[in-house]
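Numbering (the numbering used here), first residue to last: 3 to 646.
What the hints contain is simulated information worked out from the structure, not anything from laboratory work.
Hints are supplied without guarantee of correctness; some may be wrong.
[Unchecked claim] Below, a list of computed lysine-lysine pairs in the DSS-like style, where the Cα atoms sit at most 25 Å apart: (1) Lys434 with Lys395; (2) Lys111 with Lys69; (3) Lys548 with Lys491; (4) Lys460 with Lys489; (5) Lys395 with Lys69; (6) Lys69 with Lys416; (7) Lys491 with Lys545.
Treat the numbers as computed from the prediction; the structure is a model and nothing was measured.
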Amino acid sequence: QQGCDPFAQTQRSKLQHRRARINQQINKEMRMRAGAENLFRATSNHKVKETVALELSYVNSNLQLLKEELEELNSSMDVYQNDSESISVPMIPLGLKETKELDLLVPLKDLISEHYGEEGILFEKEIKEFMELRQAMRTPSRNEAGLELLMEYYNQLYFLDSRFFPPTKSLGVFFHWYDSLTGVPSHQRALAFEKGSVLFNIGALHTQIGARQDRASLPGLNQAIDAFQKAAGAFNYLKENFSNAPSLDMSTASLNMLVRLMVAQVQECVFEKMTLLRAQHDFLTRLQLAQEAARVEDVYSLVHQTMTQAHVKDYVPFSWTTMVHVKSEHFKALSHYFAAIALCDCPAASDAELPEQEKAFIQFHVTMPEGPSLRVLLQDPEERRKLGKAHLKKAIMKHEEAMRIHGLCKILRKMDILQEVLSFAHKRSLSKYSEIDHEEDFFETGDAPDIHPKTHQKPEIKSPNFSQVKVTDLFHRLGPLSVFSAKNKWYPARRVHLMRGENGFGFTLRGDSPVLIAGVIPGGCAAEAGLKEGDYIISVNGKDCKWSKHAEVVQLLKSTGEEGVEIGVITLQGSEGPKAADKKAAAMSSGSGMLKSNKENSRKSLMNSKSASTLLVWSKKSKRSKKSTYGIPFTAVGDNEAMY
3 QQGCDPFAQT QRSKLQHRRA RINQQINKEM RMRAGAENLF RATSNHKVKE TVALELSYVN
63 SNLQLLKEEL EELNSSMDVY QNDSESISVP MIPLGLKETK ELDLLVPLKD LISEHYGEEG
123 ILFEKEIKEF MELRQAMRTP SRNEAGLELL MEYYNQLYFL DSRFFPPTKS LGVFFHWYDS
183 LTGVPSHQRA LAFEKGSVLF NIGALHTQIG ARQDRASLPG LNQAIDAFQK AAGAFNYLKE
243 NFSNAPSLDM STASLNMLVR LMVAQVQECV FEKMTLLRAQ HDFLTRLQLA QEAARVEDVY
303 SLVHQTMTQA HVKDYVPFSW TTMVHVKSEH FKALSHYFAA IALCDCPAAS DAELPEQEKA
363 FIQFHVTMPE GPSLRVLLQD PEERRKLGKA HLKKAIMKHE EAMRIHGLCK ILRKMDILQE
423 VLSFAHKRSL SKYSEIDHEE DFFETGDAPD IHPKTHQKPE IKSPNFSQVK VTDLFHRLGP
483 LSVFSAKNKW YPARRVHLMR GENGFGFTLR GDSPVLIAGV IPGGCAAEAG LKEGDYIISV
543 NGKDCKWSKH AEVVQLLKST GEEGVEIGVI TLQGSEGPKA ADKKAAAMSS GSGMLKSNKE
603 NSRKSLMNSK SASTLLVWSK KSKRSKKSTY GIPFTAVGDN EAMY
């Protein structure tokens with residue numbers, strides 16, 4: 003798998019390059035600030051203190067400038083939009099989190115030698131393959147292939163975790179990632195931080211894919227809806243399975259805001275889809291459009307509230323907060339505009355249409371409009387014009403408010419598309435108002451009630467489907483995960499020479515990959531050679547049998563001549579002794595279903611004990627075992643014990 007060419011000079015890659023450069027500068031300034039602060043605290047010399055204070059003010063102003071530059075970068079929404087001629091409101095995408103290179107060659111080779119008793123150098127190819135995958139994952143292309151690349155790496159981390167991260171010991175490597183919005187660096191030893199950051203980038207890439215769709219066409223709209231729903235799902239999954247993240251972009255408050263923002267962008271696409279699909283200009287369709295626009299206004303208002311909360315306000319780019327505020331006002335204006343069009347442009351209800359129109363209109367306003375009864379209102383063109391005029395008056399006020407807020411943000415003022423959309427909608431409402439405004443109108447235009455929000459397609463939060471990208475454990479040569487994992491410990495491998503006696507070798511075997519010695523007959527050849535119940539057979543006459551099926555091992559044993567056979571075995575620590583073997587036998591006889599669930603439970607309890615010792619807590623709520631193409635425990639195989 004390859005990432006996209008990091009040197010390709012596309013607009014998006016130039017942005018990501020600038021992001022990486024600013025991140026490094028922020029990192030440097032923060033280290034200088036930390037050094038200066040330590041010196042300021044440590045020194046008692048007044049002159050030194052003055053110099054350091056001056057230096058600190060320089061560093062802080064530099065940091066402020068860099069953060070403003072990064073904010074402008076995060077506000078470059080137009081780069082991520084599509085190139086079509088049609089005018090549509092820009093969507094907010096997220097930039098990818100940057101990470102530093104990571105060299106795992108020495109730590110993994112050391113652990114393979116120390117924990118697995120294998121030659122670390124023999125696994126250099128696999129370690130390099132993993133590192134190449136990580137390198138490629140840093141620059142994913144903005145399409146399905148880029149998402150698959152991130153998913154593949156994420157799934158490989160499951161195997162890396164099981165193989166190389168013991169619950170009691172640290173691997174000694176730090177994972178470095180920069181905050182997506184502030185560029186502030188964070189690092190942790192916990193693999194959960196790496197997983198969480200990759201998951202964040204899966205969500206961010208979905209936002210970029212959603213923003214680039216051509217939303218003037220139905221397929222483009224459906225793809226944008228799908229992408230933003232999947233982005234919401236990735237951020238939501240991260241929020242539910244992560245806690246104590248060291249960087250602000252992965253804090254609960256931040257992820258909550260991002261999920262809501264994605265849901266609002268889906269709702270906006272649903273409104274656009276409805277304007278495309280409902281080409282007919284009848285009364286009921288226009289009422290539906292007004293309610294759909296009111297729903298978009300509703301969700302954007304919620305996002306705006308979330309963005310202006312104490313924990314999030316100083317952190318979210320001002321252009322995002324302004325854009326969300328502008329959209330909530332803009333869609334409120336549209337809801338009143340479509341209500342006015344429904345009342346003024348559609349003919350008064352006939353007796354046949356009246357019951358259906360009455361039913362729709364009862365649920366249309368938040369509070370019923372003042373004036374005549376519904377029946378009179380719907381059948382009297384003059385009454386309809388009056389209410390329509392009130393709605394248009396409100397629409398124009400809201401358009402003007404949207405344009406005022408838009409003008410407050412320097413970055414948004416540069417965004418021509420948004421300016422065009424707002425001014426087009428404003429002019430359209432104004433021309434409609436002058437069309438229905440009569441000179442002889444002496445009544446005061448009343449205040450139109452708000453429109454009840456309603457949608458015909460509720461946004462879904464689509465959780466990531468990790469099983470769609472199948473991966474094989476790069477380190478499968480170490481043996482089945484059910485035995486050869488970081489959580490298990492075993493005594494050094496023993497080689498035992500066996501001669502076949504009159505009654506065979508004198509042991510019973512069961513299971514597959516690896517085959518287990520389930521029982522040893524006292525006084526038999528196996529017992530004399532030192533084999534014990536609970537030993538696993540890992541080789542026969544020098545042939546590796548870690549992955550061998552039951553029948554294959556039996557065949558190898560049967561084909562030995564008079565010179566006997568050399569068997570390699572290992573004993574798991576804590577599983578030796580007859581008592582443990584009895585427990586195992588009892589568990590085996592009770593059927594494989596229970597054992598499988600025990601395996602899941604033991605994995606969960608392992609994860610819990612592991613998480614307690616690290617700063618990050620990653621609760622594995624999803625059954626990750628689905629992804630493993632290997633690692634079926636011997637106990638799940640229901641073949642009968644056989645005597646050899």
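Here's how the hints hold up against the structure:
1. Lys434 with Lys395: Since the Cα atoms of Lys434 and Lys395 sit roughly 10 Å apart, the hinted pair holds (cutoff 25 Å).
2. Lys111 with Lys69: 40 Å, violated
3. Lys548 with Lys491: 16 Å, holds
4. Lys460 with Lys489: Judged against 25 Å, a Cα distance of about 44 Å means the pair is violated.
5. Lys395 with Lys69: Violated. Lys395 to Lys69 sits at ~41 Å, over the 25 Å cutoff.
6. Lys69 with Lys416: 20 Å, holds
7. Lys491 with Lys545: At roughly 23 Å apart (the allowed maximum being 25 Å), Lys545 and Lys491 satisfy the hint.
Checked against the numbered hints listed earlier, the structure breaks hints 2, 4 and 5; every other hint is satisfied.
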